[in-house]
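Student: Let the sequences and hints guide you as you build the complete structure.
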Amino acid sequence: MSIEKKPAASTGRGYQWRYTIARRLVQLAILGLFIGTARLGWTLFGQPLLSGDFSSSLLLGLIPLSDPFAVLQKLCALHTPELTMIVGSLIVLIAWIVLGGRSFCAWMCPMNLVTDLADQLRTVLGIKSDMIRIHQNARYAIAIGALAASAVSGVAAFEWVSPQAYLWRELVWGLGWGAASATFGVFALDLLGMRRGWCGHLCPLGAFWSTVGKVGIIRPLFDASKCDKCAKCIRICPEPHVMGLKDAAENGFVKSGACLNCGRCIAVCPQDAIQFGLRFNAKPNQTFMNSTQGERNA
Amino acid sequence: MVKTNRREFLQIAVQGTGIAACSGLGLLGLARGAHSQSWAPRPPGAAENFSTLCMKCGLCVKACPYDTLKLAKLGDRAPLGTPFFEPRDIPCYMCPDVPCVKVCPSGALKRDFDDIKKARMGVAVIDPSSCLSWQGLRCEVCYRDCPVKDEALKLAPHPRGLSKHAVFVPVINPNKCTGCGLCTWSCPTQKPAINILDRETFLGHIGDHYRLGWLEDQPHDPAPLKRPISREDEAKPTGVDYLNNMEDPL
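The listed protein sequences correspond, in order, to chains A and B. According to our numbering, the first sequence is numbered sequentially starting from 1. According to our numbering, the second sequence is numbered sequentially starting from 1.
A hint or two may mislead.
[Said to hold, decoys possible] In silico SDA-like links for lysine to any residue, alpha-carbon gap of 25 Å or less:
| hint | chain 1 | residue 1 | chain 2 | residue 2 |
| --- | --- | --- | --- | --- |
| 1 | B | Lys102 | A | Thr84 |
| 2 | B | Lys73 | A | Ile35 |
| 3 | B | Lys117 | B | Leu137 |
| 4 | B | Lys70 | B | Tyr93 |
| 5 | B | Lys73 | A | Gly185 |
| 6 | B | Lys149 | B | Gly107 |
| 7 | B | Lys70 | A | Leu175 |
| 8 | B | Lys73 | A | Ile30 |
| 9 | B | Lys73 | A | Ile127 |
| 10 | B | Lys154 | B | Lys70 |
| 11 | B | Lys164 | B | Trp134 |
| 12 | B | Lys110 | A | Leu72 |
| 13 | A | Lys246 | B | Lys149 |
| 14 | A | Lys214 | B | Ile12 |
| 15 | B | Lys149 | B | Asn49 |
To be clear, the hints were calculated from the coordinates, so they are not data collected in a lab.
Tutor: Written as structure tokens, this is what we have:
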């Protein structure tokens, strides 16, 4: 089977990695809006632009936004949050359901900058072995543990130790040792302990978003007819278990909620077989794994 | 979907439960940080279980027009991430519209709180050994700066040893003091002689069995005696002077 070459215009590195560039811009922009509003007093229409932090915030003094997992912990702890917090968490929940998967983790969470850096450095230094091995589903158990601890203690338990909360709180409201220890701890774990240790195996917030992200609408669509099974997407994927080509072909898209919608697979695919799109537009392909289509080295 | 047999399923179930239990217990211990004993003045309108309710989002910090509030870092004297203030740096200026309370999404600051004079952020406490007024100087700066002066903070004459002149000393009424800390902020001594302390730690409670009959807001009538009262007793004024009548009240 002949394999079409990509058009020359789309082969630039910037275009190839456009989603990674966009992710960095979004991450830094949101963080910048929080910091600018808190420390420099940025306003728009006479209202604070984006006050608060990633736990709870207020856009233009009007639209509430809240972390739904934190609200869930509060409900387990039998607290009664204000209506704004309930509404805010629903807005956030719906937004990330539309955006799909763990988009929050890849596109917004500041800890992602730290863990992506650790992963990059791991590649550069050639660190391949994991000192610690934990199943990636351990995070679901930890999330359940966090909810149970909230119920028993009457405190939103994970919020007291969440390293990303330490990081964003102190980035926005003033640096302290909390952000430093959380960042270095997670960085060291991801660099030396295990690949993608925090985000990919332990973080209960990520587990929450994986669960919600299952029904996500925007997903990486997989066009099996273009795939030549080179598996570059699987090697680059921070959650390799979600890139099962057989499942992806049968569904027409990456179905697992643990998928970050980070777009790395799109960047590395030499065949443009993966593109972001609505899950309804997926083209399932049942015969993909049986065919020897495109297997150049077979 | 990978097929699992019963043995594998049981193993995964036990492992998952184990991880959930261990991480839950671990978090349970760490979440005790919410009950930390260290204390700093809170924003006004704080619920009783403030630090367990607070989501540490900083909206109150942003809403405060005086930059009074800050979120606690490791080593600060409030539970990590919760808002507090240092009166000596920036006190609470007691905004009548209480903007910090209005934005709290978590229920840690009670939304129905609207009278800033009812705030009880802490209580002012004076150290007479370093207070200038107590040394006989006419300082009275705290009195002049107190936003609820003559209610929360009064000046009272106090005899001064052998001298025939009295001194005027500041006296706090804890029932009216909001704990705003303006007195602490304005105190001219090197280290403030008036400070905001935790009401729970500092204030006592008389107990209902003491009857301060000479106060206007206290009932003059004692609780009815738990014995049959004769018609003759009823006719007498209450609080009878039984000692003069040489009667045994029991």
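Student: What hint numbers does the structure not satisfy?
Tutor: 3, 6, 9, 10, 13 and 15
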